[in-house]
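K.L.:
Build the full structure now, drawing on both the sequences and the hints.
Chain by chain, the residues:
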Amino acid sequence: MSGAESTRELTMSRAMVSAIAHEMRENDDVFYMGEDVADYGGIFDSTQGLREEFGYDRIMDVPISETAYIGAAVGAAQAGMRPIAELMFVDFFGVAMDQIYNQMAKNTYMSGGNVSVPMVLTAAVGGTYNDAAQHSQTLYGTFAHIPGLKIVVPSTAYEAKGLMHNAIRDDDPVLYMFHKRLMGIGWMPAPDGPKTPVPETDYTIPFGRADVKRDGEDVTIVTLGLHVHRALEAAETLASDGISAEVIDLRSLVPLDTETIVESVEKTGNLVVVDEDYRSYGVTGEVTARVAEEALDALERVERVAVPDVPIPYSRPLEKEVIPGTEDIVNAATRTQ
Amino acid sequence: MSGAESTRELTMSRAMVSAIAHEMRENDDVFYMGEDVADYGGIFDSTQGLREEFGYDRIMDVPISETAYIGAAVGAAQAGMRPIAELMFVDFFGVAMDQIYNQMAKNTYMSGGNVSVPMVLTAAVGGTYNDAAQHSQTLYGTFAHIPGLKIVVPSTAYEAKGLMHNAIRDDDPVLYMFHKRLMGIGWMPAPDGPKTPVPETDYTIPFGRADVKRDGEDVTIVTLGLHVHRALEAAETLASDGISAEVIDLRSLVPLDTETIVESVEKTGNLVVVDEDYRSYGVTGEVTARVAEEALDALERVERVAVPDVPIPYSRPLEKEVIPGTEDIVNAATRTQ
Amino acid sequence: MPHASENTLTRLYENMVTARYYEERLQEEYLEGKQPAFDISAGPIPGELHLAAGHEAAGAGVCDHLRDDDIVTATHRPHHIAIAKGVDLKRMTAEIFGRETGLGKGKGGHMHLFDPDVNFACSGIIAEGCPPAVGGALAAQKRNTDSVAVSYLGEGAIDQGAFLESLNFASVFDLPVVFVIEDNDWAISMPKERVTDVENGAKRADGFEMPGVRVDSDDVLDVYDAAGEAIGRARDRNGPTVIEVQVHRRMGHFMGDPETYRPEADQEAAAERDSIVRLESDLREAGVEDDRIDEIRDDAHSRVDEAIEWAKDQPLPEPGAAHEDLFVSPASGVTDSEPDFEAVGGEE
Amino acid sequence: MPHASENTLTRLYENMVTARYYEERLQEEYLEGKQPAFDISAGPIPGELHLAAGHEAAGAGVCDHLRDDDIVTATHRPHHIAIAKGVDLKRMTAEIFGRETGLGKGKGGHMHLFDPDVNFACSGIIAEGCPPAVGGALAAQKRNTDSVAVSYLGEGAIDQGAFLESLNFASVFDLPVVFVIEDNDWAISMPKERVTDVENGAKRADGFEMPGVRVDSDDVLDVYDAAGEAIGRARDRNGPTVIEVQVHRRMGHFMGDPETYRPEADQEAAAERDSIVRLESDLREAGVEDDRIDEIRDDAHSRVDEAIEWAKDQPLPEPGAAHEDLFVSPASGVTDSEPDFEAVGGEE
Ligand SMILES: Cc1ncc(C[n+]2csc(CCOP(=O)(O)OP(=O)(O)O)c2C)c(N)n1
Ligand SMILES: Cc1ncc(C[n+]2csc(CCOP(=O)(O)OP(=O)(O)O)c2C)c(N)n1
Ligand SMILES: [Mg+2]
Ligand SMILES: [Mg+2]
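The listed protein sequences derive, respectively, from chains A, B, C and D.
Each residue of the first sequence is one higher than the one before, starting from 202 at the first, in this note's numbering.
Each residue of the second sequence is one higher than the one before, starting from 202 at the first, in this note's numbering.
Each residue of the third sequence is one higher than the one before, starting from 27 at the first, in this note's numbering.
Each residue of the fourth sequence is one higher than the one before, starting from 27 at the first, in this note's numbering.
Rather than coming from a laboratory, the hints here were simulated on the basis of the structure.
In this text, all values refer to a predicted model and were calculated from it rather than measured experimentally.
Dumping the calculated DSS-like pairs for lysine-lysine here, alpha-carbon to alpha-carbon at most 30 Å:
no.: 1; chain 1: D; residue 1: K116; chain 2: D; residue 2: K338
no.: 2; chain 1: C; residue 1: K338; chain 2: B; residue 2: K521
no.: 3; chain 1: C; residue 1: K60; chain 2: B; residue 2: K396
Computed, partial: chain D to chain A, Cβ under 7 Å:
no.: 4; residue: F64
no.: 5; residue: D65
no.: 6; residue: I66
no.: 7; residue: P72
no.: 8; residue: E74
no.: 9; residue: G134
no.: 10; residue: I151
no.: 11; residue: S215
no.: 12; residue: M216
no.: 13; residue: P343
no.: 14; residue: P345
no.: 15; residue: L352
Simulated coverage check for chain D against chain B, where a stretch passes if three residues somewhere in it have a Cβ under 8 Å from a Cβ of chain B:
no.: 16; stretch: 123-133
no.: 17; stretch: 164-175
no.: 18; stretch: 188-196
no.: 19; stretch: 363-370
All C-beta atoms, glycine included, are put in the ideal place defined by N, C-alpha and C.
P.N.:
This is the structure in structure tokens:
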């Protein structure tokens with residue numbers, strides 16, 4: 202590898218921040234609002250160093266009033282700015298859901314496209330560090346069920362940057378859900394996967410384009426976020442058992458890249474959907490249904506691996522029980538054979 | 202038919218109210234909070250006549266502060282009372298979702314079962330009268346995705362009463378979603394189906410027991426709420442085309458009666474899931490996935506009939522386009538043959 | 027404090043009679059399709075309809091101070107405010123009738139009117155417009171313009187978190203925004219005193235370090251003065267204000283509301299305290315001739331009639347249009363293809 | 027106004043030294059597993075940990091007036107309040123260590139402690155406990171008892187809708203509830219003045235027709251007096267009160283917080299203004315001997331050490347337990363079978 206001036210390995214948080222900084226330099230209309238985003242730099246390093254470069258006016262600490270500031274982002278976006286608002290943990294959505302759901306997501310449609318809402322809502326998601334029922338959810342299904350939001354979930358630094366550039370430049374509201382465990386925060390060690398080479402330059406990754414992170418022949422594992430890495434690990438184990446797993450990283454939930462999934466299942470005949478969200482009425486159901494609609498004949502077996510419809514418990518053995526682990530994925534994939 | 206003293210035909214709203222009144226007479230701990238539930242009797246007749254019998258203290262008009270009063274219901278329930286709180290339109294959930302999601306639904310689990318939350322949250326759902334994007338949703342999928350709530354959706358007066366008795370007596374939080382179009386309100390004519398004979402006495406319908414509303418051999422139509430009646434109408438048309446459709450009324454989303462659905466599909470081989478909620482990441486996906494998991498071999502064809510992932514539009518031809526109609530069900534069922 | 031000139035008086039009058047007649051005509055149209063039995067899904071106007079007869083002073087008296095670049099968010103009862111803000115009357119009416127040429131192509135409806143040309147929006151959830159108005163004010167502050175934002179809400183909405191949080195947000199950042207509470211004594215069937223601790227809604231401001239002013243009558247000139255001062259403060263970067271205006275609900279909460287909960291005396295009182303009649307006598311006092319008054323009113327009526335006739339002539343949308351307008355950009359965002367990793371400087 | 031007796035003084039002291047030592051010991055335990063590199067998922071205590079050293083006066087001074095049947099909802103920083111309310115120390119500690127015999131069988135964790143025996147609960151979302159406390163007060167009112175409810179929140183929480191709506195709800199129904207704002211100057215890294223319009227959080231009460239009182243120091247005796255009055259008012263059915271207490275954050279927001287945003291002077295000032303040291307001198311002034319003070323403190327420390335040792339000895343839950351306790355009744359509700367329609371009087 203040469204040319205270190207144009208590529209470097211970044212953590213996911215550095216990649217995310219570099220895209221935000223780039224867009225803020227290019228466009229005065231971009232600003233960031235959130236709790237503890239200024240001096241603290243974001244509880245999960247989502248804004249680290251930005252206040253130093255852009256000041257308090259553009260990296261705004263705001264009151265603990267999610268309804269007020271997310272709604273203010275909607276208003277500022279409709280007035281032509283390009284705000285980014287951060288929900289510190291996605292689990293807090295319930296105090297601000299009306300603004301997200303009934304304004305951010307619907308105003309474009311309700312206005313017949315005469316109004317646009319070019320904002321990004323960022324939110325930290327996920328568990329694995331025992332933060333219990335009110336701080337560990339992903340809620341992928343809850344948000345993906347809402348028409349009117351584009352929803353992205355990066356799994357590596359490369360995706361984190363490209364998806365953020367696209368999100369900020371997009372004229373529609375985008376929900377950008379970043380998994381805490383992938384960010385590369387000092388106090389929450391990340392797995393190896395998310396730290397990747399990242400081009401210095403700006404580049405955009407389109408929404409609705411899943412990424413085949415590993416090719417395989419026997420079973421298709423569809424997942425996103427943290428579980429991309431667990432699925433890849435599982436695929437290693439499966440390979441040593443003679444099972445060849447294809448791993449698909451959805452990267453965006455809305456739009457959902459049904460085509461890539463269906464193509465893969467047509468090849469492998471088996472589908473394992475892995476999700477860190479609750480099992481019922483969510484991502485695993487939707488992915489399964491799309492395959493059942495479009496490739497029922499090819500489909501030999503389906504397995505869903507997700508949180509078993511209980512809140513995330515606190516104690517380590519309990520949390521480990523409910524959040525899908527590598528072994529759970531291996532077992533599910535093995536059952537399909 | 203004889204014995205009018207013990208059975209009468211009731212509208213769905215009268216049946217719902219009669220169960221509430223019965224429980225309030227039996228148990229002083231039951232009370233009702235909501236906007237316009239006292240003098241008005243509920244915008245959708247959900248409390249008609251109750252204030253006259255029970256007074257303002259037990260049929261409480263409350264400030265337009267859904268977070269405060271739904272959260273207060275949680276607190277009162279934990280203190281041993283059995284409150285019923287009404288969200289006038291389910292579409293307003295976003296202003297109070299935190300209390301619903303993070304307290305009402307989770308406190309039992311987070312306390313390891315040491316605390317219980319014996320409350321009922323009622324909410325009017327559904328469209329068909331052009332009330333547009335913020336007043337026409339069902340949001341079945343949004344709520345069913347939350348672990349910790351039992352969720353019921355009556356389709357007739359008989360179910361409305363029996364499910365309400367069970368909901369009030371249950372020690373867990375129950376979300377009771379009633380469809381406006383079924384209530385039999387003067388100004389919103391109901392179809393014929395929901396007005397049924399209803400026993401005078403109290404009786405409880407268990408949650409998680411779907412009801413086969415029509416037997417059939419060729420295709421299984423799974424649905425709930427208003428669309429039970431549209432499915433039954435569709436089944437008539439299908440019958441005249443020589444297609445025998447079985448119609449399953451889910452009656453509760455949590456728990457979901459997978460067994461009844463799977464048994465039916467094992468017989469018919471074909472599944473049509475009909476939902477008035479948004480298509481993706483919701484009820485149609487979940488029902489399909491459960492069948493794909495448990496009866497893949499029997500399954501020949503799946504069709505999902507739901508709102509096509511846009512907010513509910515206002516104008517009549519637009520609303521009609523997105524809310525599944527009888528014809529859409531007929532077409533989907535016909536495609537499976 | 028600027029007192030209304032004769033020009034202003036006639037402008038206010040024109041505005042208010044337009045709004046009043048508009049509501050009366052919509053009521054007729056709406057009910058026409060619902061005779062003899064009221065069926066909400068029958069007739070030429072779809073859905074619920076919340077009319078604002080009796081609220082006109084709060085629309086005209088405030089919005090007369092606003093420019094097109096100022097932002098207004100209104101409530102579920104929005105027509106008088108929309109008219110006062112200069113929303114396109116024809117396209118608004120077409121929207122209310124669910125027509126293709128409506129402001130939202132028939133997708134939004136009467137509670138969801140968006141006219142970006144004059145920065146007007148409204149919504150159907152209580153107090154929901156407060157945070158976006160605050161955001162509009164924030165944008166003005168960031169862009170260093172002297173635009174302001176006005177957020178309307180009903181007296182029933184002053185107990186809702188979205189409003190209360192907005193007060194602090196506006197206050198702590200000194201934003202150019204004015205909150206206008208229309209106090210019509212009722213929140214559907216709930217009288218103010220049953221559900222709200224304060225008699226004067228503007229008192230909410232006391233806990234948030236901002237001025238709160240109550241205009242105790244719907245005399246449009248008093249509203250005009252109070253709003254002029256508050257909007258002036260906002261434009262001069264002196265921060266937000268809460269204004270409560272006493273208005274009256276001359277009709278039911280929505281069309282079809284039986285109002286059985288409402289004492290007849292209250293209905294009669296609302297009918298008597300008519301801000302338009304009062305303004306007519308102010309006009310006469312200011313020397314405006316009866317002929318001129320009649321002319322203004324007749325012109326307003328003609329414009330309304332014309333808008334309604336125009337709207338009713340407009341085509342309904344094609345059903346397939348329901349699938350459009352979810353997004354303004356492609357679903358994939360600004361880009362449809364992922365760049366070549368190496369081409370953008372990557373080297374894997 | 028009742029001034030604290032010697033008995034009360036020693037009770038408060040016992041309470042506060044228990045709470046302080048508890049936090050110090052938890053800090054040790056928590057960090058022990060995280061040396062040298064801080065890894066949030068390592069060590070004997072799972073998850074985040076928010077310690078309340080410096081807040082003790084607000085816990086003890088208020089809860090000393092409460093009975094077991096009174097309801098308390100606390101925040102994400104709950105231990106001192108739980109201790110003051112009489113929550114079972116061992117089972118609480120077991121919960122914090124994620125053990126099977128914990129208050130929530132290890133499911134809840136340190137932000138979600140429920141002890142129904144003393145009507146204590148806490149939660150991790152800002153101001154989330156306010157509405158349930160109001161609901162507890164409503165239940166007391168409906169049942170005609172003289173129980174009261176107390177809802178704690180941080181000064182950062184006074185901008186959250188759940189608190190503000192609760193003020194009106196409590197005020198309009200005259201509920202027996204007291205809101206206690208613990209003002210420690212910081213909301214994580216955000217100083218109060220950056221995000222809140224009022225300097226004195228109790229001022230929020232002004233807009234809601236209820237008294238608001240600020241206790242400007244964390245002198246537990248001042249807190250005790252102010253709380254006594256407010257809780258007395260509530261018990262006597264004279265309505266709700268807001269109290270703000272100036273406390274101090276002696277540690278980071280959560281364990282592992284680098285506090286780089288916080289001026290050293292501020293940290294030092296917090297360390298100096300120690301309400302426990304102040305109370306010790308009050309005790310001496312009241313004639314309590316040093317030996318007795320030492321004894322109380324030592325006893326408290328022993329109880330804490332014992333609880334922690336006990337907790338660490340408790341078993342972790344079986345993984346399968348994760349699937350239990352979603353509901354207390356069967357999923358089908360009170361009934362498992364549908365009655366025969368005819369048997370219940372139907373005749374189809
Ligand atoms: C969050 C929310 N809760 C309830 C409603 C239902 N609702 C619509 S209008 C209304 C009454 C509003 O009263 P007020 O704010 O005084 O306005 P007015 O109708 O009197 O103009 C209510 C309760 C709603 N739209 N949104
Ligand atoms: C609705 C919501 N928003 C944000 C958070 C994240 N959060 C946890 S504690 C905290 C600061 C709270 O400050 P304060 O209320 O002053 O209490 P303190 O921590 O100082 O005791 C924040 C923002 C949350 N838990 N809930
Ligand atoms: Mg009103
Ligand atoms: Mg604080």
